[in-house]
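Q: Please model the entire structure based on the sequences and the hints provided.
Heads up: the protein sequence lines correspond to chains A and B, in order.
In terms of the working numbering, the first sequence has 150 at position 150, counting the first letter as 1, and numbering is strictly consecutive.
In terms of the working numbering, the second sequence has 153 at position 153, counting the first letter as 1, and numbering is strictly consecutive.
There's no promise every hint is true.
What the hints assert, rightly or not - Ranges between beta-carbon positions, derived for each pair:
no.: 1; chain 1: B; residue 1: E46; chain 2: A; residue 2: N136; range: 17 to 23 Å
no.: 2; chain 1: B; residue 1: D133; chain 2: A; residue 2: Q109; range: 29 to 35 Å
no.: 3; chain 1: A; residue 1: K187; chain 2: B; residue 2: E100; range: 23 to 29 Å
no.: 4; chain 1: B; residue 1: G42; chain 2: A; residue 2: E79; range: 37 to 43 Å
no.: 5; chain 1: A; residue 1: E123; chain 2: B; residue 2: L49; range: 27 to 33 Å
no.: 6; chain 1: B; residue 1: G42; chain 2: A; residue 2: A116; range: 21 to 27 Å
no.: 7; chain 1: A; residue 1: N136; chain 2: B; residue 2: E100; range: 42 to 48 Å
no.: 8; chain 1: A; residue 1: S44; chain 2: B; residue 2: N129; range: 16 to 22 Å
no.: 9; chain 1: A; residue 1: T92; chain 2: B; residue 2: K88; range: 57 to 63 Å
What the hints assert, rightly or not - Some but not every residue of chain A turned toward chain B, in silico, with C-beta under 8 Å:
no.: 10; residue: S17
no.: 11; residue: I22
no.: 12; residue: E27
no.: 13; residue: N45
no.: 14; residue: W57
no.: 15; residue: Q151
no.: 16; residue: V158
no.: 17; residue: H159
no.: 18; residue: A165
no.: 19; residue: K176
no.: 20; residue: Q178
no.: 21; residue: T179
no.: 22; residue: L189
no.: 23; residue: Q190
To be verified - Listed below are the simulated DSS-like cross-link pairs for lysine-lysine, each with C-alpha atoms no more than 27 Å apart in a straight line:
no.: 24; chain 1: B; residue 1: K103; chain 2: A; residue 2: K24
no.: 25; chain 1: A; residue 1: K84; chain 2: A; residue 2: K137
no.: 26; chain 1: A; residue 1: K176; chain 2: B; residue 2: K137
no.: 27; chain 1: A; residue 1: K124; chain 2: A; residue 2: K84
no.: 28; chain 1: B; residue 1: K137; chain 2: A; residue 2: K187
no.: 29; chain 1: B; residue 1: K84; chain 2: A; residue 2: K88
no.: 30; chain 1: B; residue 1: K88; chain 2: A; residue 2: K176
no.: 31; chain 1: B; residue 1: K124; chain 2: B; residue 2: K84
no.: 32; chain 1: A; residue 1: K84; chain 2: A; residue 2: K24
no.: 33; chain 1: A; residue 1: K103; chain 2: A; residue 2: K137
no.: 34; chain 1: B; residue 1: K176; chain 2: A; residue 2: K187
no.: 35; chain 1: A; residue 1: K124; chain 2: A; residue 2: K187
no.: 36; chain 1: B; residue 1: K84; chain 2: B; residue 2: K24
no.: 37; chain 1: A; residue 1: K105; chain 2: B; residue 2: K24
no.: 38; chain 1: B; residue 1: K103; chain 2: B; residue 2: K84
no.: 39; chain 1: A; residue 1: K137; chain 2: A; residue 2: K24
no.: 40; chain 1: A; residue 1: K24; chain 2: A; residue 2: K124
Hints are computed from structural coordinates only; laboratory data are not their basis.
These figures come from a predicted structure and were not determined experimentally.
Cβ coordinates follow ideal geometry from the N, Cα and C atoms, glycine included.
2 protein chains.
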Amino acid sequence: MFYVALKNVAANKNLYSMEFSIDKSVEILERTPALLEHLLNGISNEWTLNNEGGETWSVFDVIGHLVHGEQTDWMVRAEQIVSKTAGKNFSTFDRFAQFENSKGKTLEQILGDFTALRMANIEKLRQLNITEDDFNKTGIHPTFGAVTLTQLISTWVVHDLDHIAQIARIMAKQYKEQTGPWVAFLKILQQ
Amino acid sequence: MFYVALKNVAANKNLYSMEFSIDKSVEILERTPALLEHLLNGISNEWTLNNEGGETWSVFDVIGHLVHGEQTDWMVRAEQIVSKTAGKNFSTFDRFAQFENSKGKTLEQILGDFTALRMANIEKLRQLNITEDDFNKTGIHPTFGAVTLTQLISTWVVHDLDHIAQIARIMAKQYKEQTGPWVAFLKILQQ
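A: Take a look at the structure:
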């Protein structure tokens, strides 16, 4: 009883909810390119060109998807939200554009593209000089309707972390059969 | 019908199973410290000291766990397997040792500890001059019984990737509430 009560107090305290801030968002956004370059540049193709089976994505596909997001999604939408003149309706994001766009490129090339685009987008974000007054300004998402600038930038950050976890999972699965009985202890292989 | 048949061919080909190699294992093992240092050094404490609620681990706890693995688990067990004189029974790994061992240390300190221990362990691994004749040599795991050197080293690699994914997930959850309706599109927030 007492133990259960204590756990509920912890759950109610909601320990894991940070307040939104542009600076803390940029802390993640600016680290992702270096993290990916350190993990992936020069590594064997089997880690990056294999997928999780069937129609799933390889690491190469995921990097192409991140490139397309930098080109057409995050900062385009942020600028629509804060602009006094631009339309507020977001374009639909193409989740499969990378299969065409990355053709004929190496992993190193698309990683370099991602790094350059991300750094330019962080610079654009800083130049918007966003203040707390802008946090609740909205644009119109094709599925969700009105979404705020806070929600957009938070999602950009979590989207990075989601794909970092996905990349780790795709790579881990290349060795799934090799782990033998340990497969039972490795949560990433159950997903 | 044709589409289904094609998907089955892909599934049967088992595209996502690499052959084990020491070199390809080291490709991951040697990248993990730099990846973690690039992601975590200098970042705000909220990203690294908060957890996923209740009794879950923070990023700080995960790094402490990785340190303890370098000290007591992976290479200790690899040396037991290939040694002609050592006992073959592995000690039980303490999954909670980091709560005592990391006390009073900063994240930067335990990251530095991890990097130094990992680099020393990779050097030890190289000095064992493992050949294919060693791959199926065994040690005795306290739960699984006989496990091979291939299974141990593969698990070391996947264990890194599992905790990289976990770190991304812990960090992502700090912004869960901030993503608003996008929470439905972000798989990492459902785990």
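Q: Identify whether the interface hint at A165 (chain A) stands, where standing means a beta carbon of chain B within less than 8 Å of its own.
A: holds, 4 Å
Q: Double-check N45 (chain A) for me: the hint is only fine if its C-beta lies closer than 8 Å to a C-beta in chain B.
A: violated, 10 Å
Q: Assess, step by step, whether the Cα of K84 (chain A) is no farther than 27 Å from the Cα of K24 (chain A), and give holds or violated.
A: holds, 26 Å
Q: Do the numbers back the hint for Q178 (chain A), that is, is its least Cβ distance to chain B under 8 Å?
A: Q178 (chain A) check passes; min Cβ-Cβ to chain B is 4 Å, inside 8 Å.
Q: Check the following: the C-beta atoms of G42 (chain B) and E79 (chain A) are separated by a distance inside 37 to 43 Å.
A: violated, 28 Å
Q: Just to be careful, I want the Cα atoms of K124 (chain B) and K84 (chain B) compared with a cutoff of 27 Å; is the pair within it?
A: holds, 16 Å
Q: For a C-alpha distance cap of 27 Å, please report whether K124 (chain A) and K187 (chain A) respect it.
A: Violated - the C-alpha atoms of K187 (chain A) and K124 (chain A) are around 38 Å apart, more than 27 Å.
Q: Regarding the hint that T179 (chain A) lies at the interface with chain B, is the smallest CB-CB distance below 8 Å?
A: holds, 5 Å
Q: Does the interface hint hold: is V158 (chain A) within less than 8 Å of chain B, judged Cβ to Cβ?
A: holds, 5 Å
Q: Holds or violated: is the Cβ of E27 (chain A) closer than 8 Å to a Cβ in chain B?
A: holds, 5 Å
Q: Falls inside 23 to 29 Å, the C-beta gap from K187 (chain A) to E100 (chain B)?
A: holds, 24 Å
Q: Okay, G42 (chain B) versus A116 (chain A) on CB: inside 21 to 27 Å?
A: holds, 23 Å
Consistency with the previously given hints fails for numbers 2, 4, 11, 13, 14, 23, 29, 33, 35, 38, ordered from lowest to highest.
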